[in-house]
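Grab the two chains, each in its own frame, and use the hints to assemble them into the complex.
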Amino acid sequence: MIIKKFVLVSLIFSALLMGCFSGNKTVILATTTSVENSGILDELIPLFERDTGYKVKVISVGSGQAIMMGRRGEADILLAHSEKDEESFMKDGFGIERKPMMYNDFLLVGPYDDPAGIKNSADILSAFRKIAHKETLFISRGDNSGTHLKELEVWKHLNIDVSKKRWYHETGLGMGETLNIADEKNGYALTDRATYLTLKKNLKLIPLFEDRKNLKNPYHIIIVNPDKFKKMNYEGARALTNFFISEDVKKIIRNFRQGQYQEPLFIPF
Amino acid sequence: MEVLFKAVKNALFLLFTFDRDVYEIIFLTIKVCLTSTIISAVLGITTAYLVSVKKTRQSSLLITSINTGMAIPPVLAGLIITVIFWRSGIFGHFEILYTPLAMIIAQVLIAYPVVTAISLSAINSLPEKFIIQMIGLGANKIQLFFVVIRELKGQIFCAIVAGFGSVISEVGASMMVGGNIKGYTRVITTATVTETSRGNLELAFAYGIILLLMTFVINLLFVRFQQRKK
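For the record, the sequence lines run as chains A and B.
The end of the first sequence is residue 273 by our numbering, with every number in the run present.
The end of the second sequence is residue 324 by our numbering, with every number in the run present.
Just so you know, nobody snuck in bad clues.
These stretches of chain B come out as covered by chain A in the derived footprint (C-beta under 8 Å, 3 or more residues):
#: 1; region: 174-186
#: 2; region: 284-292
Reference excerpt, derived from the structure (chain A facing chain B, CB under 7 Å, subset only):
#: 3; residue: Ile63
#: 4; residue: Arg76
#: 5; residue: Glu78
#: 6; residue: Glu181
Hints are computed from structural coordinates only; laboratory data are not their basis.
The C-beta atom is built at its ideal place from N, Cα and C for all residues, glycine as well.
In isolation and in its complexed conformation, chain B is listed as follows (with noise of 0.2 Å):
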């Protein structure tokens, strides 16, 4: 308990004399989990939508895919993209192993499952004399495509949401393709899994505290957006 209590402390100190070693790690945690949201999200909800919309004899099959993906732990999404990328590998002249775009691609991989099969279902859920409404007020394809992302905000968004969950706590691809670097690519699991190792379990708690606050101030803009917009 005395760790937890220091490990609080720790965790304010740091905070609050703007620790640059901390930040440093804060702000890449930022950069790289927001940035493959994003790309997860844009690539997540469109293929989506395309599933949904055209539905084919491989449906089931595809969806049933895109459902595993979503368990795919994250150290084997690591170790694909390790293989791929390094020197050796079929894209190793790209020299990307080891760098923040390493490890965004990594986390694409495991957060693009999670917001593609969220959505799906949100999209499937839609009755679908609601389509049908609005191809008859005479909306193209594209139309089409944003007005059903409109009227599904909410879920959809819950599936971003979810997305930034599944890479911002994940640890085992960072380390992998990161090579957890200091100074580079060393995210705030990472850290902790440093300071743990090395027995400073205070400051790998206050790496943990951070995480939660910084997960929760990044969720209330997310909230405050959305209800904004309705």
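Chain A extracted, bound-state conformation (with noise of 0.2 Å):
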């Protein structure tokens, strides 16, 4: 009996093993939950593998994390929506090149009845003057993730701290759960399109207010440094970046789920 488990185990071992030590065709690409949960990756990916072998991981993270991972060089790509972040990994040499893939923008969404009457707000920063004036509930990522951050900006330019206040709750998630949170709740939430988009059959909020010049939500793919990671998979990243940034690619990105929800999730650059 004792001696059928070990071989067993040992058999199941060793297949394991050999699928695991497949050495440099293995890309690990970071990116954020919005990318991940919008699908779309399941439709890229299998198209790169197929043309060029390699085997991608997607390790799906908030931004936050994602420039994390390369920083400490667990990832070869990264794809994230976090403009500071992004430029000072650039500045600190972490990566190599930064090029935009895509964008979308960032959409306040929040209840039906709209307490805080942020509808018809000149701009961002009276509508979240509204919400914290009427002390609204007002449901955040609080995940360091690129949506977090633009958050945490405007308050910082409203002076604004909203750490203590009893209103404004962090929810430490990704974006799907935050928003599913926010419409149990009734409170507002800031969220990048692709995400509302979709989650929109399940939710009860309403975008409120929106400002596709001025909230716009780019998407940037960054080579990690080969020269501060011996691991690093410099070719499986290039490849990749150039297949995110190839005319085939812009076209699957700006028809994907267009029928669907009847606008675009992404917007190829």
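Put into structure tokens, the structure is as follows:
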């Protein structure tokens, strides 16, 4: 009995090990939950893998964590939407190349009856000011993601310290979960358009403020600096970058689920 | 309620149309969880036996540590394995983070204390007379081990099933060390999380139902196997 078990274990183990040490054909892509939740990578990555033979490991975390993974050399390529963090990442020499891939915009969503009256606000600042003034519930990501940092930037601009406000709740979760919580609790939330559209069918929340020009949400690709990390797969990251900015991919991004949502989730640069 | 009804329909549909993605996820889940359960069983039963037989002054401390290990949160197990195995970690050169192997290691960390603790309490419940008798009958050390295990097979079996239950239901560790990569390290629990955050609640529930069905079938096989041996 025990011997049989040992044979079985070692068989399974060796089978697994063979699959694991596939060497330099794997590329680790650290990206944000908003990209992953939209499902667009499920469409793009298989195409890339089929054409090049690389295996891409998509690790979806908040932009903050994605950039941290880059700083530690745990990822080969980043797809993030956190401009300031990305810029300091480049300045500190952790990335060798940063290219715009696609964009959408941020929306301020909230309950249908809009208790803070933010509809028709002149700009995002005044919309946020109204929420703070009325002390209506605001649900924040609280996870250092691009969306979270964007939101903090606005609060900072208004000189409002939200960290101790009772009407301000941090979830520490991804965009999808945060929207669901805001929906249940009738709170306001800042979201990227892709995640909102993806979840729209389950939400009672409606977009109350949008400003495509000033609330632009750009996604950049960053190749991690191979001089800093020996184990980094530069060729793979380079190939994936070229693929992401190719004309074919731009077309796929533009058409991605257009029919389903009546508007694009992402617009290629 | 409508969501649940749709989910049941959805689950059955996915199972009987042999949806490729779903079956890939199911097979990976079985492969990872069974492997980690078997490893935990072998290690756990042996540890329990050794701790029970070799009573030392540190025994109570050791037993307390094992019992504490039973409560290890899967995310903590995941975090430990991540820090050890990522590229800059001490075992980084193995490059096993974000692979099924990493998930197995993390799950062993979760199931091993469970199997050990339950086996240990079973072995400790054995009357000392039994052991003395067996030694008297001329059993050597290895024979004694197998006799004890055979005597307690019902409880040992329970320990293994509990270990299996702890790994098949965990999501935190698999998510962290496996990375939830589609077609590679996405298991049923992490797929459920993904579909929930994508707003596909019916599909998320469907995965939940499939998980329960699968666990039911595996447990049924376990029980059958045990009864046949009696």
